[in-house]
Structure formats: C-alpha cells, structure tokens
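Colleague: Protein chains in written order, with this note's numbering: chain A, 2 to 362; chain B, 23 to 198.
To be clear, the hints were calculated from the coordinates, so they are not data collected in a lab.
Everything numeric in this text was worked out from a predicted model, so none of it was measured.
Warning: the hint list may mix true and false statements.
Claimed, not checked - Part of the chain B face toward chain A, derived, beta carbon under 10 Å:
#1 47
#2 72
#3 83
#4 85
#5 95
#6 99
#7 123
#8 124
#9 126
#10 197
Claimed, not checked - Stretches of chain B that chain A covers, calculated by requiring three or more beta carbons in the stretch to come under 8 Å of a beta carbon on chain A:
#11 52–62
#12 154–160
Built from N, CA and C at the ideal position, the CB exists for glycine as well.
For reference, the chains in residue letters:
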Amino acid sequence: MAGEFVPEAVWIERSERDTPVARAVRERFAGPVALFDGRAPVRPASVRDGKRVLVLQRHRGAFLRHCPAGTAGLVCCNYLVVNLASNCPMDCSYCFLQDYLADAPALTAYTNVADALAEVGAVLDAHPDRSFRIGTGELADSLALDPLTDLSRLLVPFFAARRNAVLELKTKSACVDGLLGLDPNGQVVVSWSVNAAAVVAGDEAGTATLAERLAAARRVRHAGYRVGFHFDPLVEFDGWEAGYAAAVEAVAETVDTAGIAWVSLGSLRLSPALAQAVRRREAAGHVLGAELVPSADGKARVWRGLRLQMYRFLVARLRAALGSEVPLYLCMEPPAVWQAVMGEVPADRALGLRLAAGAGW
Amino acid sequence: MSDSAVRAYAAEKRFGAATLERWLAQPAAARGALLELAVRLRLGENQFRDVLDDLLAIAARQGCVVESILSADHLRAVLARPLGRNEAVKALKHAMRRLRYPQLSAAEERLTALGKQLRLPGGVSLGLPEHLEGEHIALTLRARSATELRDQARAVAAALQEPAIDEMFALLEGDW
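Produce the complete structure using the sequences and hints provided.
Modeller: And the structure:
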C-alpha cells in the first residue's frame, strides 16, 4: 500500500504559522520545518519534483470557481470547486496537473481556510434556494494531505451546518481517519476515483490500491457519510472489459446502494500538452497505448465507437450491480454521447439539481 | 549502437534537442533499432518523432519493447518491399497505424467495405468522420444537370435500402 504521505520538508509562510492548518502540520510532522517570508523558497523542476516538499501559505485570490469541465459543447453538471491545495503527492500517469501546474509545481496547502469558507458561505447565503455541489479535489487530492493538515476537521462541520450545499471530498487515498469522528449531517460525500486493477497498478503510482480505497469507503459509510465513485479515467487496454467488470463488482460489494450519492464515468482525455508530458515519463502505463484520437474539444479520447462501447458496458454493469436508483452521469462528454449512452441529454442545471438531490434516473 | 552515431544522425538532420533527448532516453537496443530505421528511410525530424510516438504507443499497448516491434515479420516485410523512400515511409506508417489502432483500423476497413456494398452511383461520394470521431455520414452528390442530380438521388435512395447503411451507423455508434 501507499502509506500516508510524508514530505521531505515543510515550508511555512511565517505569518501563517499559527493558523489551524499550519499548527496541525507542525504537530504531526516530525521532519524539518522552516519559515519563509515572501515567495516560498522552493523551486521544483517539475510537477513530480514538486511533490517532495510541502509548502503552507496563504492563497491570494478567489477560492471558489466553476469546474473547468464545463467546457462549451459538453454537458455540464454545474459543479463548483474550491481549491485549498495545489499539486498532489500521488503520481498518476494521466494526471492533468503534469501540464496544468508546470509553471507552479510546488505541492502547496493553503492556510487561510477561513477566508475560503467565508467566500463559500457568502455564495451559499446569496442563493438560499439553489443546491450546490462543491468539491476540493480539482487541483489536489481531497484527503491525501489530511493526516498532516487535518483540513477535514474544518470543512466537514462547515458544510454539515449548511442546507443548500454538498461537499465532495474526492480521493485516491485511504486517508479517512480524520473524518470518522465528525458528523457530516448528510452534507458531505466522500468519493473515490476507481479503476481497473491493472490501471491502478500501472498508472496510479503512490495511490491506495482499489481494495484499500473500498475498505476506506466502507469505513466512512459506517461513520455516516454518503460515498461516490468515479470511474474516471476509463482507460482502453487489452482486457478492459474484465478489469472494469471486476471493479464494478468490488464497488457493489462495498457499500449499500442507498449510501451511494453518485457514480460518474469519464473517458481518458489528454490535451496535446498533457500527451507530451505523458510521453516524457519513464513509464506511461496503459495510457499511451489506448486508441486515442483528437476529438472536438482538442483533447485526445478513445475514438467514439469504442468509447460508446466502453460506456455502455460500464453503465450496464453498474445498473445490474447497483440498481437504477443510483445516479450515474458522464463527465466531459457532448450531448450526442449522452444520448447514445444514457438515452437522454439533461440540461446542465437539471443535471446538477438531480445530483444534488441524489436522484437516480 | 553508440550514442555518437545517434547524435551524428540527429545533427545531420538538424533534429531539435528535445527529439534527440527522447531518442537517447530509449534503451540501447531501441536506440539502435531506431537508428537503423532512420538511416534506412532517411527520416526527417517530424517523421522520426511520429514514428517514435507510434512505436512507444504500440509498445505500451502490446507490453513489448520498440525493437521487437521493428523486428516483427510484418514490419520487416513492409520495409523489405522495393519501394522508393516516400512510399516506404507511407507503407510503414500505414502498417504501424494498424498496430497502434487495431480496432479503429478494423472498423474503418469494415466501413469501407460496407460503403462499396452500397454501390453508389458515379458523382456520389461517401464521407466518414475523421478517425470515426463523430456520428455523421456524409453523402455528397455532384451533378452537372438537374437530370443527372435526380438520377443520382434515385440511385442513392435505392442504395440506402441496403442493410449496409444500417451497419455503418451501428459501427459509428459502437454497436458491433
């Protein structure tokens, strides 16, 4: 198993050293800790290099934004992201951060969480009749740093007290200890990216195994959380049917279907720059071998017919294993693919509302 | 195979540093096999980069190494054909595409065969989405007169009664 992340060193912005996040890290991290003023004195050569040292600093700018998956021409689920960290200690072959964070690769946890929650709270208060789904897992794994930062102790109570927002903590780790003593009050979903075992082993370095992720899902479910699963990215490789069928079965055996808030499916997608980054890796796992072609948004995906076949296979298996009440949705696909796979094209707002309500279809 | 031979070839063809770096990053056997291929086909940088990308993708797909792909009977036979340099490069790319995209290639070949089964009249062409990344099939009618166009339209309408067109759309929809 990939154990809990232990950085080589921690750098803390001097003015932030007594914030809850910095205090937690100082108490829990036994290695070298240093303070800095101004810019962090960490200059990683690459996103991978940036994973060795943890920086704690204020975030200067807005925290909350619309999920960038909401690209024109693709069906969008109206998801919001709040970025409380940047970069990730794991090293997945297909990770978009390899390209996206190339100019700012330091692994960073932001310390002014109170500012972030105030920003989120203002939006929720301004729209009391809307239902929001907000995640922290866009630019970082939601839980991989939690054993150090104890961030969940700040986030869970905040969202538990809100009626019009669900927080999603998305992870490939098994770091759930910090969640177990907290009451999510139905407002927090802990979700796992899941994949065929061959992809986990070959393309998701530093992550928990599928069995470890599902064991963690079982623990948080017993602690009162709803859970989610993201079959994303679906990777086409020799044996994908058996690999994904086994993953679906494993998920179905993990938790009661009533406890599953949603399941998403998303095909592997590589921007041209990301594809270059993947080619530069010593070992690219299964990703480069997939039958990827350029699609309308400029990203490479498995060609449409094969992609539809993969989606239909997964949807049929998931429906058979979980029933029709668990909400399934596709990520970053155009209306025509939705129609071909799901038999409908929901409006963006309607899709977001359905997921927020936990409604199946 | 020494790095100096690789560097000499790259220098002669004015390869960029990034391409040379990728070449030198390959295991020794792959570096040598790539050099042999590059010399044989007098590959320029863009051609070399495309070939390398394809070979690495095939290696990832098949779980093998670059040199074993190049030494496989199929590719050796392609390279042994008495073709000019440009034709040989084209034949190699075609052969590698079948390895790189086995299911897509099979689907494209099946669609081509089904298209022929339609027996479309002269002046009518069939267009498929590039890389089959789309759901539309286009039929283009080019006529010099209204009569010719009407004749084509009637012939097309008859051709579309063939079940081949249903199978073509099914293929695009991943239903096979």
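Colleague: Against this structure, judge whether each hint is valid.
Modeller: Evaluation of the provided hints:
Nearest Cβ of chain A to the Cβ of residue 47 of chain B: about 8 Å, under the 10 Å cut. The hint holds. Interface hint at residue 72 of chain B: violated, since its Cβ lies 12 Å from the closest Cβ of chain A, which is beyond the 10 Å cut-off. Of the supplied interface hints, the one on residue 83 of chain B holds, with its beta-carbon coming within about 3 Å of a beta-carbon of chain A, less than 10 Å. Checking residue 85 of chain B against chain A by beta carbon gives a least distance of about 8 Å; that is within 10 Å, so the hint holds.
Below 10 Å, beta-carbon pairs count as interface contacts, and residue 95 of chain B has none with chain A, the closest being about 21 Å; its hint is therefore violated. Restraint check, residue 99 of chain B versus chain A: the minimum CB separation of about 23 Å is more than 10 Å; hint violated. At about 5 Å, the closest approach between the beta carbon of residue 123 of chain B and any beta carbon in chain A falls short of 10 Å, and the interface hint on this residue holds. Because the closest C-beta pair between residue 124 of chain B and chain A is about 8 Å apart, less than 10 Å, the hint holds.
Look at residue 126 of chain B: its Cβ gets to within about 5 Å of chain A, closer than 10 Å, so that hint holds up. Against a cut-off of 10 Å between C-beta atoms, the interface hint on residue 197 of chain B holds, since the closest Cβ of chain A lies about 8 Å away. Residue count for the segment 52–62 of chain B with a Cβ under 8 Å from a Cβ of chain A: 0. That is fewer than the three needed, and the coverage hint is violated. Against chain A, the segment 154–160 of chain B contributes 4 residues with a C-beta closer than 8 Å to a partner C-beta. That satisfies the three-residue criterion, and the hint holds.
Hint violations for this structure: numbers 2, 5, 6 and 11, all remaining hints satisfied.
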